[in-house]
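Chains as they are written, first to last, in this note's numbering: chain A, 1 to 431; chain B, 432 to 918.
Just so you know, these hints were derived from the structure itself, not from any lab.
Glycine included, C-beta positions come from ideal geometry on N, C-alpha and C.
No incorrect hints appear here.
No farther apart than 16 Å at their CA atoms in a straight line, the calculated lysine to aspartate or glutamate pairs in the EDC-like style are these: (1) B:441 - A:198; (2) A:404 - B:503; (3) A:19 - B:900; (4) A:404 - B:574; (5) B:440 - A:198; (6) A:370 - B:584; (7) A:86 - B:911; (8) A:19 - B:901; (9) B:498 - A:371; (10) B:440 - A:158; (11) A:204 - B:475; (12) A:45 - B:900; (13) B:448 - A:158.
Quick look at which bits of chain B chain A covers, simulated, 3 or more residues with Cβ under 8 Å: (14) 479-487; (15) 578-586.
Chain B is nowhere near these chain A residues, computed Cβ spacing over 10 Å in every case: (16) 128; (17) 143; (18) 236.
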Amino acid sequence: MQYTEDMILAKCPDEASKKASRDHSNPKKWLCFFADERAVWGEIKGSGKEPYKVQIDLKDSGSKCSCPSKKQPCKHQIGLFLCYVKNQGSFKLSEQPEVIKEWLNKRDQREAKKGEPKKPIDEVAQAKRAASREKKVSDGILELQLWLKDTIRSGLLDARNKKYEYFDKMRASMIDSQAKGLANRVIELSSTNENLWEETLLKKLSQLYSICLAYTNIQALPEKFQEDIKTLIGWDQSKDQILSQESIKDQWVVLGYEKENNENLTTHRHWLFGSNTNRYALLLSYQAFSQSSPDYTFLAGSVIDADLCFYPSAYPLRALVKENRGNINQTSYTGLESLSVLENQYSTILSVHPFVDRFPVIVKNLVPLKDGSHWILMDEKGKYGYIENSFNKKFELLSVSGGKPLDLSLLFDSYRLFPLGYWQNGEYIAL
Amino acid sequence: MNHWTDLSKKLVLGTDKLSLEPSVLPPDLESAYSSLKDNTDKEDLTMQLSFLLWNYAEGGKVFPTTKKIFTEAAPETQPVISKEKELLLQSILTHQLDDLLLIFLNRCADNKEILPPHILPTIFNKSKTLLEIREPVLKVVGERGKWLLSQNDLWNSTLNKEPQEIWETGKMVERLAVLQEIRKSEPKKSIEWLQLAWNQETAANRLILLEELENNTNEGDISFLEEVLKNDRSEKVKKLSLDFLAKIDSSGCEQKLYDLFHPNFEKDKKGIFKINVPETLSVELRNIGILDLSYRGFTQEESWVFQILSLIKPVRWTKKFATTSKILLEQLSKNKATSKYYKALINSAILHRDVIWSKEILNYEANQKKPDLDKDDFNQLFKQISIEDKQKFFYSKLYSHLGSGINLLVFAINCDFPWSLKFTEDMFAALSLQYKSIYYDRDSIYLLHKFAHSGILTKLDQLGDLRYEDNFNKLLQAMELGSQLAS
Chain A
1 MQYTEDMILA
11 KCPDEASKKA
21 SRDHSNPKKW
31 LCFFADERAV
41 WGEIKGSGKE
51 PYKVQIDLKD
61 SGSKCSCPSK
71 KQPCKHQIGL
81 FLCYVKNQGS
91 FKLSEQPEVI
101 KEWLNKRDQR
111 EAKKGEPKKP
121 IDEVAQAKRA
131 ASREKKVSDG
141 ILELQLWLKD
151 TIRSGLLDAR
161 NKKYEYFDKM
171 RASMIDSQAK
181 GLANRVIELS
191 STNENLWEET
201 LLKKLSQLYS
211 ICLAYTNIQA
221 LPEKFQEDIK
231 TLIGWDQSKD
241 QILSQESIKD
251 QWVVLGYEKE
261 NNENLTTHRH
271 WLFGSNTNRY
281 ALLLSYQAFS
291 QSSPDYTFLA
301 GSVIDADLCF
311 YPSAYPLRAL
321 VKENRGNINQ
331 TSYTGLESLS
341 VLENQYSTIL
351 SVHPFVDRFP
361 VIVKNLVPLK
371 DGSHWILMDE
381 KGKYGYIENS
391 FNKKFELLSV
401 SGGKPLDLSL
411 LFDSYRLFPL
421 GYWQNGEYIA
431 L
Chain B
432 MNHWTDLSKK
442 LVLGTDKLSL
452 EPSVLPPDLE
462 SAYSSLKDNT
472 DKEDLTMQLS
482 FLLWNYAEGG
492 KVFPTTKKIF
502 TEAAPETQPV
512 ISKEKELLLQ
522 SILTHQLDDL
532 LLIFLNRCAD
542 NKEILPPHIL
552 PTIFNKSKTL
562 LEIREPVLKV
572 VGERGKWLLS
582 QNDLWNSTLN
592 KEPQEIWETG
602 KMVERLAVLQ
612 EIRKSEPKKS
622 IEWLQLAWNQ
632 ETAANRLILL
642 EELENNTNEG
652 DISFLEEVLK
662 NDRSEKVKKL
672 SLDFLAKIDS
682 SGCEQKLYDL
692 FHPNFEKDKK
702 GIFKINVPET
712 LSVELRNIGI
722 LDLSYRGFTQ
732 EESWVFQILS
742 LIKPVRWTKK
752 FATTSKILLE
762 QLSKNKATSK
772 YYKALINSAI
782 LHRDVIWSKE
792 ILNYEANQKK
802 PDLDKDDFNQ
812 LFKQISIEDK
822 QKFFYSKLYS
832 HLGSGINLLV
842 FAINCDFPWS
852 LKFTEDMFAA
862 LSLQYKSIYY
872 DRDSIYLLHK
882 FAHSGILTKL
892 DQLGDLRYED
902 NFNKLLQAME
912 LGSQLAS
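So here's chain B without its partners, still in its complex pose:
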């Protein structure tokens, strides 16, 4: 222990028992000690010697030395992106335009260009949460990036882990992302993964994971879904697995439901649609998976009917009654006894992605005095219809009659097709008129950059003051970056 440390330890308990011998100081400071030794004020002497000693120790301190060999990054073999591209990338990162970032990185990877070293930490940090960029990131970070990854366990494990390892050890958000990926390319494997992990998951996580089967739902899912439907403890999970089974024709689930239930849905002698609610749930229906759920405003028996109607393809009814979806919707909703099942038909149109029914429901709602279409249902139904019909909805202003939660912006964001310049101009003009009355969702306006035609950027005068609004400006910025990226 050196003199300075020694003195500080001795002074922890004060000066009472402290003996200030010459040995308190190193030999070099002997002369200094002799000039102070006659000082009878112990605390004064302690303070002076302490400072002297600290100064001596500090002045004589040296940096430590190591003989360790540290690695260097290997020389780059690919060119670094130009300064202009770097500026573009900085802007994309600043505005957090993650979709453009993915395009940018893929473009760099295609051109076999790499990113400059100072940007790499930002990109690696981004890829912790943005799973879709992980693949291109590894292609554009060059030797420097590979070397840097070896210095950061978190980045390294995030980017270099095998998907299966992420699935087994990652956070929920990461696991979900790899499941999504594997679901696209290897749906069978996604089921194997789910089967292995299923019993360890919480009910909430099971529901989230099961939702991923929405994509690529196929015959290979049947046995897993049936198993879940039979044994899972969560009603929500069971219900969702039944939804998926009903979507898969070869499961026979929807057919069986129709066969068992269709006698209950009939037309009376006056030609009025009538739904007979069963008194008990038959063993067959229970075996298919119909649950004793309770919906608000429904009796237990009505809840069974609601579930069943939500699962049967809506086209079955138009065929059975040799009628149109329009007539069926109208009559069903206007009749007090059947109107509560109208929402079940919306559910079934969404579940079975029925284009005709989706369009008809939207038309029907738009023509109601008091439309009451849920925003999520609108999004789902609108997704099904054709581009022409989507545009028709806009020009006939039908969107403005679709329900309180659906404004022009919500509608515009759902117009997920490449907009023509004319459509862009018209949409922006409409937005500039209505923008101030939209009190929510404004910050999502930047999403329109994915569809809007960049030609509008030369006609901004038409937008008036709207272009100075922060969120709208972000949209224009994103469009500009997108068009720069395209060129």
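Pulled out of the complex, with its shape left as it was, chain A reads as follows:
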């Protein structure tokens, strides 16, 4: 796997960290550094008495440092990784010290354990817990339905003018009912300020109501869609259960990576594309403030040879990595030929999963363009979609294209497009 500076820098928790990491990428800063095919390790002088020991697993770019920094990965980890990428030739090939061997073994064991069945579950206790929760959720849903009906009776304008407390109270009630998915959707109702607010608010209200309705009639729904409804309500599916299912082996291109910080929790999203199966996947993981590193550390633009297990869904996207055999070189890809095909695909997806969130897609031959104050992606037939305002590399994309078509990976969110990366000379470049 060929790591690039951009791929590594994308791991930095913030801009300051990028700068510090770049400073630490100078080989002269390092007391020593070594590498073999699997790992890179080195020592650097810090403010502590002893030099900090830094190690990187090249298999999945996981890393560790003995410094006390709360920021993870720290500047030493990224710095050494950058240093390795820029000066691979000056890294002495060495036998792994014991401490590195142990660390890598533990990582491998942890990886292998993910695929192993866990100890038997007390089914009676589990069923009791499930029944109790179902009761709480059902009661909560009844309460929410009444609240939603009251809200629509008073009108959208009244709902828009309601204070935050109105929504927060219902959110808290949904948390008590162990329906955190509904709780999140309730609080989203409090911030509808954009253009076409009436449509947006009505969409959110009616979606929420329909999820409640779907739950009360869940047995009548297709089996996989039942799982989607439960997930939307807030049920977590056991990772062990997911990993015990059949996995899909493929060479997965990491199309993009997103990180969202929210109070004490960081949400990591890796968007993947399987080059043999043409499937897309989302690796969603949560990292608590106290947790030193996230579940996945894949770099956008890298390709991993891995087995993935998908969460059951009418439109399966979320997955877990069952086995990761490490990074490999760039691989082939395929994509939709035009935006018309994407329209049809979206219709099909909506017909099986009307609550589908944004999803990744590869579309070939799209031209990024600036049309007055709008940014668009246009296909060969002149169809175009608007680029999300929050995408901040518009001019970089425009410059790379020069007004000519590019094969792009995107996140599609109800006809708004968010570019994740592009292919150039057969190589995928993450934006």
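Assemble chain B onto chain A, guided by the hints.
For chain B alone, kept in the frame of chain A given last:
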């Protein structure tokens, strides 16, 4: 208006007056409506129909179409820089080494190479604030860059505006930069520009703009400066214009001041220097531009003298009294009655860029028990002296006695000549010993990369732990990039 939008508008005021007729839904959803029509719960029905309608509208939505023709970038005719050079450029940009960036871009322009497309937005953004790179930038962005500029009004106007247009419409920082440029090449034009804009500028801006006349001060500036001195409302502006006039011999200003004032500066019978403070400011001196300024610790009359002494060439006094600058400085500063004018002599040495006096003042200060040289004055005086004298100051450790604001780092940054390897080694060794006691200015240490000899990069062991210090590391990085650039 489609059915979905229509329903959302109707629901703005709630369900009270809402009539859920079949026409709420499009004909395609007729069967769905008939399965729901018996629902007597109006809000439940509203919610279900809303979701159904949204889903129908969303599923049937299509992307818009345009027949507009968009331009493409023309094919490139020049080669793109190599991957190695690109990495070097990325590092220069990362570390914000703007001086190296200018060298890099000029080098590319000379080699007729262009930058890769993905870097262009960063470079264009840089050139918004870094005016000196604008010229080479236009040479290295190729056809892609020209095309990209046409898509971004801000970049386009920044890079393609005529200097005069920037001067007339730009921000202060941009205007200042073009004024600096024009001052170098066409000093006469710079005066024309200033004259045209002068009355519209604030006093603060007038002062900033006038400071640019420090470079290339010449005979052509006289009438403008005299006009400013006569009519400007700001005392600071007036004072500065008088400074410049005094620098220009052909203005006769300094000569007149000397002629009028020198009888007041004399030696008494015991050979002690004496300055007689006039009771009134003569009409002649007032006409030259001496102002009623008030300096702290000075009477009004003393302030006139201070101004006059600051403007007269210091060499006049050594000639008049047939003495040396050293003796004059010593006697003047030791005598209570004249010591307050010592600073005026420093000002005049700086104003007239007097090399001998500058060196003598620095020597004199370095030998004082309690030196009190202002950091700015040190910078200005040190600039005047020769490279040999600068090195002498370092080896004799005179820099350590120059005043509280002047540490080794400040001194090193002022050693603005190409350092030999020996000088670099010695300076770095001294810095590594004293670095921890320097509590300020540390982040400016990277500026030394402009002078330090790159040979030191192979001898970093001599620096001990200092090389791991963040700011020092940045310096080494900059030196390394500089030497890569040179090769």
